[in-house]
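Heads up: the protein sequence lines correspond to chains A and B, in order. Residues 7 to 403 in this note's numbering are what the first sequence lists, from first letter to last. Residues 73 to 400 in this note's numbering are what the second sequence lists, from first letter to last.
Hints may contain errors.
Computed beta-carbon distance windows for the label pairs [as the list claims (entries may be wrong)]:
| hint | chain 1 | residue 1 | chain 2 | residue 2 | range |
| --- | --- | --- | --- | --- | --- |
| 1 | B | R198 | A | V397 | 33 to 41 Å |
| 2 | B | L232 | A | P129 | 51 to 59 Å |
| 3 | B | M222 | A | N283 | 17 to 25 Å |
| 4 | B | T140 | A | A308 | 31 to 39 Å |
Computed list of chain A residues with no C-beta within reach of chain B, every gap over 10 Å [what the hints assert, rightly or not]:
| hint | residue |
| --- | --- |
| 5 | E79 |
| 6 | G100 |
| 7 | A164 |
| 8 | K179 |
| 9 | I207 |
| 10 | L210 |
| 11 | R351 |
Simulated from the structure, these hints should not be mistaken for lab results. Glycine included, C-beta positions come from ideal geometry on N, C-alpha and C.
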Amino acid sequence: MKRLLGALLSLSMILVIAGCGSASSNPCDNSGGKLIKVKIASITPLSGGQASLGTAIANGAKIAVLDRKAELEKAGFSLGCAPLDDQADPIIGGNMGSRAVGDKEVVGVVGTLNSGVAKTIAPLFKAPSLVMVSPANTAIVLTQSGYGSYNRIVASDAFQGAGAARATKDTVKAKSVYVLHDKTEYGQGFAVEYVKEAKKISLLVANGEGEGINPKDTDFSALITKIIASKADAIFYGGIYDTASLIFKQADEQGYKGYFVGGDGLDDPTIVKNSGNAANRVFYTSVADNVYGSEAGKSFVARYKKQNGPNDPPTYAVYGYDCAQVIIEALLSYGKQNPGKTPTREDISKLVRATKGFKGLAGEVSFDANGDNPVAKVYLFQVKDSKYPGVALGAIQ
Amino acid sequence: MEEGLRILPQILISGLVIGFLYAVVALGYTMVYGVLEFINFAHSEIFMFGAFIGFEVLMFLQKTSLLTTLPMVISLILTMLAAMIFSGALGWTVERLAYRPLRGAPRLVPLISAIGVSFFLQDAARIIWEALRGNWQLAVPPLYTGVLTMGPWQVAGAPLQLQVPYGAIVIMVSGLIMMFSLIWFVNKTKVGKAMRAVAQDRSTAALMGVNVDRIISTTFVIGGALGGAAGSLFAIRYTSITPYIGFILGVKAFTAAVFGGIGNLAGAVIGGLLLGIFEALGTAYLGPLTHGALKGPEYKDIFAFLILILVLVFKPAGLLGRTVGEKV
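In isolation and in its complexed conformation, chain B is listed as follows (with noise of 0.2 Å):
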């Protein structure tokens, strides 16, 4: 036990980072949820378009060298930046073609729509790389490939040491400048309000000016930038990409977002984060607590999820949701 606590903080930081992950594109599901009460599940495929765009930056700086001459961080934010203008025309696309014409039809229709989107998507993804570059399973250009080393400090008399990868770090850090910034807009501009005002009753917010369609769109711009951000971090990151990486990602992500209290930003943060952490602990300690019995790697989604659905059973609108009740 005392070597499997010395491991704790790396395990921490490992499930730190794939749940920064969870979280950005978590937000992209649950602000659609909190406005329009609907499931974009064809969010996940525009993570994936993200990465994918993230990726034929890397590719033209890499050909080009600017890869090696510009300063990291400035090839990280054009990447970055590409991705989101990207992502965030394609959730714009996505909802004008595929969601508004189906807006008054029952719920389940435009649900519908979005799992065809996303089906769409991944072929058309398919099918544009293959025609661009012979092979949909691509190599990102190494872009922050090193590793911090941090330590060694004396610990109970042995030395513990820590590795964080810069990739890693940079998700961290951009995936909290990206859900404060967000927070922030939501609550403190006037677009944010009327988002929020849309957000609670359609109706009346039209009746006070607000001009709903344009909002909705805007929400959708935002959290398709957020995904296509997400998507060119995981490239740089994972540095392997398929049109399919949006699949699990997405599933896990929107998990998140139910765990932390659909429709609530923070929420979505918090469960993000908690189910990458679930993920690491069950990996690294369910082997050793169950004496073997449950292997780590292979149980650790089912440990993940039973802690879920655990919380959910108490308390059924989330972490940080709240019940409301049905709207008029």
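Just chain A, same shape as in the assembly (with noise of 0.2 Å):
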């Protein structure tokens, strides 16, 4: 009896786990035919609490493929993709950073979120030389520790933390600004650039240098009880939306009045959905713009929709097609240069550090040195009518 019912546990089991495997097919693969197979891997959480930018940064990299493929089929190239999940975890990342090293047709990189995952990656990749294109990784030490593959489409947190800063007081038309980080590598480097500037302005910091909670707790009242006794005109979270909504949410149920900030780890439709009534009193800065309004970013929306489902997609994902672009362009002008011939990663990588003045989707590219792109921009959004994405209120200098 005891032996029966853990053969049915068991197999019940493999059968739930089968069924789930058999249901995605992949619409990018590089099988069959004669030309040199090569592939685009992201590395970026596609299950659990950040899933949702995550995925959408996997799938714009995906509708690059998609959008180029002919082209590339023609230079004698065949661009499959591989998007690897590294659940906001560094330590799953780094298994995926392996994986795409040992996978040999990998030529490039898109990813990852989280600068965290970031950090351990980097340097997996730098041995051999495989680039790496981030859609959305701010933490200033990545582009400063000479991983030599490892570049970056947007800004920097200590452009976007002193942007925060200054529009918190001046659009924001806040006083005081009680300081609250994640002690990620993300969210913490966010707030100290944030304080930095806000000193500079001199807009008060409520409390010192900021303080970091645990982004795994659930409640916060006891700190919002403190947040409101301080008077602060608006609250700066440094981290990601799952656990700001929470703040947020709890903060207005406790009958705070003030503004909220954040910076592009808020830019997820979750912030609007989760937050309740405080979603209209939400503020965020991010280095995605929201460029579903022109026509080339319409046409991208619907592209994206007929491959993934009715949903509309965060921002990020444009960042991530214009990685893979980016990724896509230097295998082009590779293959221009040498036809016929397989491009070793070095080339590769090569190739995408000497991008200047690409025309993406979602703002200008070009790499300095370092694999910083120095004509990235920051953007402010207000959160309306509890709609996503909030309004944009234009570029910050």
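Dock the two chains into a complex; use the hints.
Here's what the structure looks like:
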């Protein structure tokens, strides 16, 4: 009896797992044909609390591959993609990085979403010179560590944190702000830059250098009582939308009347969905402009929805798309100079780093000697009428 | 400091609310420990499943628009009841499949089995809700969302106002009802007496005609149901759930059980409430008391656990625990 039960249980488990596995088919596999087989991998969170952003990036990259399939085939390449799931975890991300290195067809990687994850992956890619182009990493240190093959198309925290602080003073019109962060590479780094700039422009930080919270906590009511007592006009949160929406919602419930400010970590529909009445007092900066208003943007959204279902993509989808485009451009220019030859990873890495003035859907991309994009901009958004994305208030100087 | 004292009542309420959650979950740990002298680490996942079942019930009520037409308290009872039945059944199943076959084995073996079950349930929830809803971080439909404002009263020349979310009141009231019914059940009913007998001496209880296996199963069902109820309350109050919400809450609740004296029901309740209050106090006052050297929200757990360690150094059996000799 006991054995029978055990056997039944394991059988049902296998069925459940098998059932989940067979559901997806890869729309961009590169098998068949006599062309040179290459792949662009993406490393982002595809499951978990940050899956919404991560999936958008991976899907955006996929659209780029599909868009340029014909052109690449003419140049002799059969390009596939390999979406890998880092679960927003540096350790799992490291494993995924090794997997990308191990797959000889991978010539470039789009990712990661989280700076903390990039920090474990970028060193792995240094020796094999596997190029990585991030649509979202903002930690300053990433381009200052000599990883060689690491690039990002967005502005760093130094720029964004300072911009968010100026926006808090000039646009939100707050005189004092309570600074919180989630103690991660991204959240804390952002908050440090924010506080630095706030001091320069004499925006009062109500709690000194800011305070870290545990992003896995769920009850912030004691903290909020303290914030209300501090009479801060705004709460700044350096971190990701899942915890942010919990804090904002609970603050509103406890009668906090001020504004909420954050960085690109809040740039996701969840911030509107889960923040309740607080949503309409949220300002966030993002390294991603809302590009869906333009003609090219609308056409992108249409292609995206055709591939991935009816939901509007978060703006990061376009950034994933642009990152993949930068790698594709490098592939094409290699194919033009060396027809019929298989590129090494180093070749592609060098060509990506040499990118100058590439007109992406989200903005211009050039890389300096460190892999930073000096022409990247930071934009300010405000949520209105509980709708995502927020209303764009323009680029921050 | 005057300003600090002014927020004290509000801080205490925050601590009590999270404390009640810890307490209800801690009861599940402490009951199983009392009977089997074994820590059921899967209890935090049974709590988590309660939250997900509560979510599904609320989604159903929202879809059929019963959520707006039914009186709120009926929706609440339906949600909690479904979560309690499911989690109770889950508790029973876990005991039957993962613990009972190991009952004669050395102490560490069922412990490892419990940790295994815990991981299994986390991933099971991840797979199930990924398939059902396409995502496993879920926003729970609103129930009891408003805030009760009390006051303002004139205290020391300035107005004092208290804000208590209805969700928090629901947690406190249901927590109290569950605790008192459990304590009544264990102390006043026949099954409760049998439970205490099994806890005291399993083989003698068996000789006296107590069906030990059935009593142990009952313990797991009740413990699981309490965990499930706590899970659904958590879902209603915090409105955002993932398969991993059980972990931190489970660790804290387990600590509360040890703090109060593991195996002692009243101890679990007191331990839970105190732990919640210490955390809230730590968040609010650690900064001002150390002149900003220690930041409250960052160090509140360390502060709370430091107090626990201090208590355990002087009272190793916990606040209400008694040192029991090795059972022969």
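Evaluated hints:
no.: 1; hint: B:R198 to A:V397: 33 to 41 Å; result: holds, 35 Å
no.: 2; hint: B:L232 to A:P129: 51 to 59 Å; result: holds, 55 Å
no.: 3; hint: B:M222 to A:N283: 17 to 25 Å; result: holds, 20 Å
no.: 4; hint: B:T140 to A:A308: 31 to 39 Å; result: holds, 36 Å
no.: 5; hint: E79; result: holds, 33 Å
no.: 6; hint: G100; result: holds, 20 Å
no.: 7; hint: A164; result: holds, 23 Å
no.: 8; hint: K179; result: holds, 25 Å
no.: 9; hint: I207; result: holds, 22 Å
no.: 10; hint: L210; result: holds, 15 Å
no.: 11; hint: R351; result: holds, 34 Å
Violated hints: none; the structure is consistent with every hint.
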